[in-house]
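Peer 1: Start from the sequences and build out the full structure, keeping to the hints where you can.
In order, the protein sequence lines correspond to chains A and B.
So for the first sequence, my numbering puts the first residue at 1; every next one is plus one.
So for the second sequence, my numbering puts the first residue at 1; every next one is plus one.
Hints were generated in silico from the structure; no laboratory data involved.
Mixed in with the good hints there might be a few duds.
[Unchecked claim] Computed Cβ-Cβ distance ranges for the label pairs, DEER-style:
#1 83(A) / 251(B): 55 to 63 angstroms
#2 285(B) / 143(A): 19 to 27 angstroms
#3 212(A) / 62(B): 22 to 30 angstroms
#4 34(A) / 98(B): 32 to 40 angstroms
#5 143(A) / 20(B): 57 to 65 angstroms
#6 169(B) / 212(A): 39 to 47 angstroms
The C-beta atom is built at its ideal place from N, Cα and C for all residues, glycine as well.
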Amino acid sequence: MATTAPTTAVPPSPKARVAVWKFTSCDGCQLSLLDCEDELLAVTEQVEIAYFMEATSRQLPGPYDLSIVEGSISTPEQLELIQSVRAQSRFLLVIGACATAGGIQALRNAADINDYIRVVYATPEYISTLATSTAISDHVKVDFELRGCPINKMQLLEVINALLNRRRPLVADHAVCVECKLNGTVCLATTRGANCMGPVTQAGCGALCPKYHRPCFGCYGPKENPNVSSLANVWRSEHGASTAHVSRTFSSFNTAAPAFAQVARGNGTVNDDE
Amino acid sequence: MRTSILAAADLDELIQSLKAAGYQVIGPVRDDAAVVYDDINSATDLPRGWVDEQEKGHYRLLPAGDDRYFGYTVAANAWKRFLNPPRKRLWRVVRQDGKLQFIPESDSAPPLAFIGVRSCELHAIHIQDRVLIDGAHCDEGYRQRRRHLFTVAVNCTRAAATCFCTSMHTGPRVELQSDLVLTELLDEHGHRFLLETGTDAGHRITASLPLMPATDDDTALAESRINIAREQMLAGPRQFDSSGIHNLLFSNMESPAWDAVAERCLSCANCTLACPTCFCFAVEDTTDLTGDHAERWQRWDSCFNGAFSHVHGGSVRNSTRARYRQWMTHKLAGWVDQFGQSGCVGCGRCISWCPAGIDITEQLQAIAEGDAS
Ligand code: SF4
Ligand code: SF4
Ligand code: SF4
Ligand code: SF4
Ligand code: SF4
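Peer 2: Put into structure tokens, the structure is as follows:
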């Protein structure tokens with residue numbers, strides 16, 4: 001899993017040099033970049049892909065104008081690698097719930113890692129891991145975060161585009177609800193009593209799940225100024241949800257995002273009546 | 001004004017007459033879980049036989065038990081979506097040989113006809129006119145759509161629990177000008193509409209319809225049906241004296257009620273986006289990868305979003321308390337200073353569509369109870 005970052009300097013290139021890095025993750029966010037089929041050609045005309053193991057074995061050494069980082073920090077090797085990536089990168093963009101909040105694997109943060117290792121691996125003694133899975137920003141300075149599990153490829157293109165054109169990326173931090181209303185999607189919370197996380201979750205997906213009549217499960221993590229305890233209270237008092245259900249719903253891809261963690265762990269300001 | 005009777009069976013002829021005249025006809029349709037305004041082709045698209053049950057943070061569609069077309073009250077979305085779309089491009093610019101060429105947007109969309117506009121909604125459209133046409137910066141696209149708009153208003157014969165147009169003096173009877181006004185009548189004499197024709201355009205559209213003369217009994221029945229809706233609201237918990245709200249709010253800017261509501265409010269913006277009068281938008285610039293093509297877009301925004309009040313260095317309304325207070329004081333008080341009337345028409349959407357079930361009329365009451373002056 002650990003990759004050694006190339007460190008030799010290269011002659012300046014007229015194109016922006018981009019590196020894509022993987023830490024602890026499922027690769028889904030990196031795939032979003034390859035998924036930009038129609039736009040990929042245009043992107044490669046503007047940038048040089050210097051390092052992207054998922055796509056090519058060509059490895060050009062740093063420094064890089066832009067490093068795109070997927071995944072969380074969960075092994076001792078990664079603690080070092082992320083420092084080296086940061087040192088070689090002018091702009092550090094982290095993508096996805098793993099890189100921005102620790103990912104689903106951060107469920108371990110509230111449990112005993114050795115219990116998990118014993119249950120999952122036949123030979124636990126070969127496993128070298130950290131007790132927690134943490135966001136990239138817990139370790140190095142991050143220039144921009146793109147949320148989602150996985151990210152929205154249009155948002156990724158927008159950030160690359162904005163960087164190339166030296167403008168601010170159009171990435172909103174308001175609630176998913178705003179996208180529902182813009183789309184004209186009828187609200188699931190008020191018409192069905194659905195436990196929809198949209199009111200506390202950051203937009204960016206285009207309110208994808210409600211569009212298909214599924215409540216949002218928060219894969220973009222907390223919006224700015226989220227009122228998670230109020231939403232949990234509504235679910236419990238108006239929708240009849242149990243504390244366990246509320247806690248489970250918040251215990252997913254962004255379980256370790258501070259605003260979600262308080263409810264995921266069944267404490268915080270939520271009344272515990274069970 | 002001419003008053004006549006249109007048989008319910010002939011309602012479709014009205015829709016076809018509008019289509020034949022070149023209008024894009026928009027009216028109520030039944031989405032999965034709510035009545036929404038959308039394109040309609042014929043009377044069969046209308047939510048016949050369905051009524052809405054609305055309460056705080058609650059909306060359900062229920063079978064009406066009769067065949068009325070307009071038994072529901074106001075739809076989930078407001079008409080503003082068609083007059084002032086949620087996203088619209090303002091202009092494009094192309095860079096070629098070092099020169100910039102700006103390309104304005106041209107609006108070649110057909111004129112709009114709205115079927116089923118309620119009295120409160122007609123007021124809301126007039127309120128948006130004050131902002132988007134009469135203000136210092138006229139929105140030309142809005143003005144064009146508005147100028148050619150044809151309205152078929154409907155008098156409410158039933159109020160939802162969340163309706164309070166009687167408190168805001170905006171209904172339930174249609175009093176603002178509308179090309180046509182319908183009152184739905186259903187009794188032992190049959191299913192029909194009392195049709196009032198208020199404009200020349202209305203006369204042209206109805207000229208070919210099989211209309212019958214209205215009797216005094218029909219007119220009296222229509223009034224009594226509208227009275228049912230009025231009485232429902234007068235007897236409900238959302239009836240109040242709205243005359244002193246402006247001073248009440250502005251003299252209670254530090255009321256503890258703002259702190260209490262901020263505990264519950266999610267700052268999710270649903271209320272503002274559902275409200276038929278809220279008009280705020282953000283302006284966003286985009287480019288293509290080469291930077292040779294750029295576009296400027298306008299999209300709905302809300303004072304509940306942090307970026308809405310972002311000035312150099314950050315947002316000036318970071319707390320939910322500040323945002324809720326902005327919404328309520330602007331809607332009910334600041335609006336009066338800016339545009340000469342309240343920004344609330346009492347449609348109740350902000351109450352039904354709030355996922356936290358926050359009720360603007362209850363908040364008013366809470367402020368009145370703690371009134372410091
Ligand atoms: S469906 Fe969910 S995301 Fe959409 S408006 Fe309702 S609460 Fe918000
Ligand atoms: S609606 Fe919620 S869960 Fe679904 S993609 Fe968007 S943020 Fe993720
Ligand atoms: S403030 Fe609420 S009740 Fe008043 S017009 Fe807006 S949505 Fe309707
Ligand atoms: S209440 Fe808020 S969103 Fe609505 S018009 Fe006023 S400032 Fe704009
Ligand atoms: S009042 Fe309700 S709808 Fe409006 S922002 Fe607060 S929680 Fe959302």
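Peer 1: Run every hint past the structure and note whether it holds.
Peer 2: Cross-check of the supplied hints:
{"no.": "1", "hint": "83(A) / 251(B): 55 to 63 angstroms", "result": "holds, 57 angstroms"}
{"no.": "2", "hint": "285(B) / 143(A): 19 to 27 angstroms", "result": "holds, 21 angstroms"}
{"no.": "3", "hint": "212(A) / 62(B): 22 to 30 angstroms", "result": "holds, 24 angstroms"}
{"no.": "4", "hint": "34(A) / 98(B): 32 to 40 angstroms", "result": "holds, 35 angstroms"}
{"no.": "5", "hint": "143(A) / 20(B): 57 to 65 angstroms", "result": "holds, 58 angstroms"}
{"no.": "6", "hint": "169(B) / 212(A): 39 to 47 angstroms", "result": "holds, 42 angstroms"}
Checked against the numbered hints listed earlier, the structure breaks none of them; every hint is satisfied.
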